[in-house]
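Listed below are the residues making up each chain.
2 protein chains.
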Amino acid sequence: MVQIAVMGYGVVGSGVVEVLQKNKDKIAKKAGQPIEIRRILDIRKFPGSPLADRFTDNFEEILNDTEIKIVVETIGGLDPAYDYVRRCLLSGKSVVTSNKELVAEKGGELLAIAREKGLNFLFEASVGGGIPIIRPLDQCLAANQVSEIAGILNGTTNFVLTKMIRDGMPFEKALALAQEIGYAERDPSDDITGLDACRKICILASLAFGRHVYPGQVHTEGIQNITLDDVRYASAFGGVIKLIGRAAKRGDGRLDCMVAPMILPASSRLAEVNDVFNGIMVRGDAIGEVVFYGQGAGKLPTASAVVADVIDEVKHINSPKLFGWGPGEDGYVSDHLQNPVSAMIRLKCGDTKAVRDEIEAGLGGCERVKVSNAPADELALVTPKTEEFRINQALKSVSGAKLLSLIRIADL
Amino acid sequence: MVQIAVMGYGVVGSGVVEVLQKNKDKIAKKAGQPIEIRRILDIRKFPGSPLADRFTDNFEEILNDTEIKIVVETIGGLDPAYDYVRRCLLSGKSVVTSNKELVAEKGGELLAIAREKGLNFLFEASVGGGIPIIRPLDQCLAANQVSEIAGILNGTTNFVLTKMIRDGMPFEKALALAQEIGYAERDPSDDITGLDACRKICILASLAFGRHVYPGQVHTEGIQNITLDDVRYASAFGGVIKLIGRAAKRGDGRLDCMVAPMILPASSRLAEVNDVFNGIMVRGDAIGEVVFYGQGAGKLPTASAVVADVIDEVKHINSPKLFGWGPGEDGYVSDHLQNPVSAMIRLKCGDTKAVRDEIEAGLGGCERVKVSNAPADELALVTPKTEEFRINQALKSVSGAKLLSLIRIADL
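Those sequence lines, one after another, are chains A and B.
Quick note: the first sequence uses our numbering, first residue 6, plus one each step.
Quick note: the second sequence uses our numbering, first residue 6, plus one each step.
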């Protein structure tokens, strides 16, 4: 019998308790012993719950309870989650978390404490909800040199883009619908601005390439400026717009890492990932291309990933897993403007021919993309692959044109 | 430093040696210590190899070498692999294998020996080549009650079907092409008849549902009788034909498990898995639907999965993983004729209206499927979902009609 505590009884935390109760026997068999929820931390009371007597609003009760060997953190955010998790580890308790902000910002430090203390700190649920990705990346693909990871890592924005692409619904309306259905929070800014996807690609990149990548190091753009016109032009080019988090190893050992809406060719495995689903592609030297697909969020998928980690920690209670990454470093993520990229640029201009000639003078041959019924003063070009700052230079030097949008083309 | 032996220096075995050498440093870091190849078993000599001095054709040299803690089996087939693996385990060596026939036929027994001896017996590479599936199924999805697993588990047949569907290439020509490219072996019968996919679904079903499923228990049909006419009718119905291995838990605790060509709706995630790729879908109570996609075979993908298992065994050399399933049982897999299914039946008949009426009298409303330029005496019907024996009964009782094909419709 292993005693655990759950901190935070929100959507994921209550799901963890539900899964642990519902699949109790299977879980005990998998873990080799029963798992007992000894304490649940929440400021609210749940008098009607069969576990009502386990609730506490006092973190110290968990911290000082030496019977509790594993603590699940599903509070979210950094404060107080970071302090609580750190103190749990320092006091000898292994931790499981679903908190991507915590792992993306503080994972390196917390993993180091866990290692030093002979404990486990696991976070399968922090990326891809119920999709197994952290463990496969660490274990199954351990024999590979991973060269690139890219994915649709945020279900909310993927739902909004799917509605825009499939139903021609404008951004604001699609977002309102997502909020109505419960796919987007009342304040959806972490999703829409790409920050959520950024945290997730940081976690994946840290694990795959062995060094902590901080969200602040990663150039991040959201989908808030994507219009139905962008969608139509992408379609005319034979692609779809998806919010992609991507990290690739460069020749100089640094990372090319970015979050932005990108145009995927319709033939890409990730182009077919729609609605709230997530898809994550891993490229490795031995494995070729592997794709993981499933629900990237949701109460029970996420909770099931948390519980899988709890089971793993019970199995490794006296033999911590070798797991983690080294410290981060300034300059480890390269300046995105220095990386080669092809992009679709859309411009409003008086003389489309003159503007095109001017841009081509700077960048070389561009492909023009046309849609039916476009205004005569609109020009859409796909640039050749070149360092991104050159595209910006070419755009700056052009006269008599206003940039409507610049969307990178993904090679995925 | 952990000493290992590799038995069988064919495609996969030589790939294992290659990956271990090429990614030596990364692997040592992951495993916590270097891995040294002490012996390679093959009846051939490789005098030019840098490891020439490690080769032996004498299994006893590996068996009796107490320095060797882990043995990789990539010989394939049951004889002598089964005997060798069994004796390795009995003598205290952990084993990694890529041999699906061995695991499907003898996995339960070998896992039991490993458990008794405090050793590990791992086989990630036996299903899906380099796609992580065994470990995610065991670990990441541990908190789920899995209800169904289904997949495209054989790359050779998927390549052949893709050529038939996309290029209208007849079966024989597509198979010849697969052999020419090296996607199919000179004797492709294990692939074409579905036996290879059958072994793989047996392994997945054993792991997911906890009881050994033997290939002999599973109704298995291959793709050898699929014609371009079938492909066209499937397309007219809005689907594609794929060779599917599928296992689902029935209400009575028994399994519905089968390998057969099935028509998938074009909207299915598995319908988009083409060429030599594999795709595996897992449905669980908490996780919903998760899909794994990648190269299901090939030297390096498969070798990388073997090496990942070796790393895991090094990490668990003194703490064997809880892993495996219970013994099999007669009658555990239900008679497929008793399970409800919908199927597309194609018939040659004099009076299509009379035949259709006769069949509908037995089965209820069927949907007629038509293709352009079909002979007037051809009738294709999609039956309602009913126990399969009822479809056979209805077909038997029909007069003046010859069955051309019966292909099940998959609900995936």
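A portion of the hints provided could be inaccurate.
Which copy? The list can't say, so a pair holds if one copy fits it or any two copies do.
When the alpha-carbon atoms are kept at most 25 Å apart in a straight line, the in silico DSS-like pairs for lysine-lysine are as follows [to be verified]:
#: 1; residue 1: Lys304; residue 2: Lys111
#: 2; residue 1: Lys122; residue 2: Lys254
#: 3; residue 1: Lys122; residue 2: Lys31
#: 4; residue 1: Lys31; residue 2: Lys254
#: 5; residue 1: Lys50; residue 2: Lys375
#: 6; residue 1: Lys353; residue 2: Lys50
#: 7; residue 1: Lys168; residue 2: Lys29
#: 8; residue 1: Lys254; residue 2: Lys34
#: 9; residue 1: Lys122; residue 2: Lys353
#: 10; residue 1: Lys401; residue 2: Lys34
#: 11; residue 1: Lys304; residue 2: Lys254
#: 12; residue 1: Lys168; residue 2: Lys111
#: 13; residue 1: Lys178; residue 2: Lys74
#: 14; residue 1: Lys74; residue 2: Lys111
#: 15; residue 1: Lys27; residue 2: Lys254
#: 16; residue 1: Lys353; residue 2: Lys29
#: 17; residue 1: Lys111; residue 2: Lys34
Rather than coming from a laboratory, the hints here were simulated on the basis of the structure.
(request) Give me the numbers of the hints this structure contradicts, sorted from smallest to largest. (result) 2, 5, 6, 7, 9, 10, 12, 13, 16
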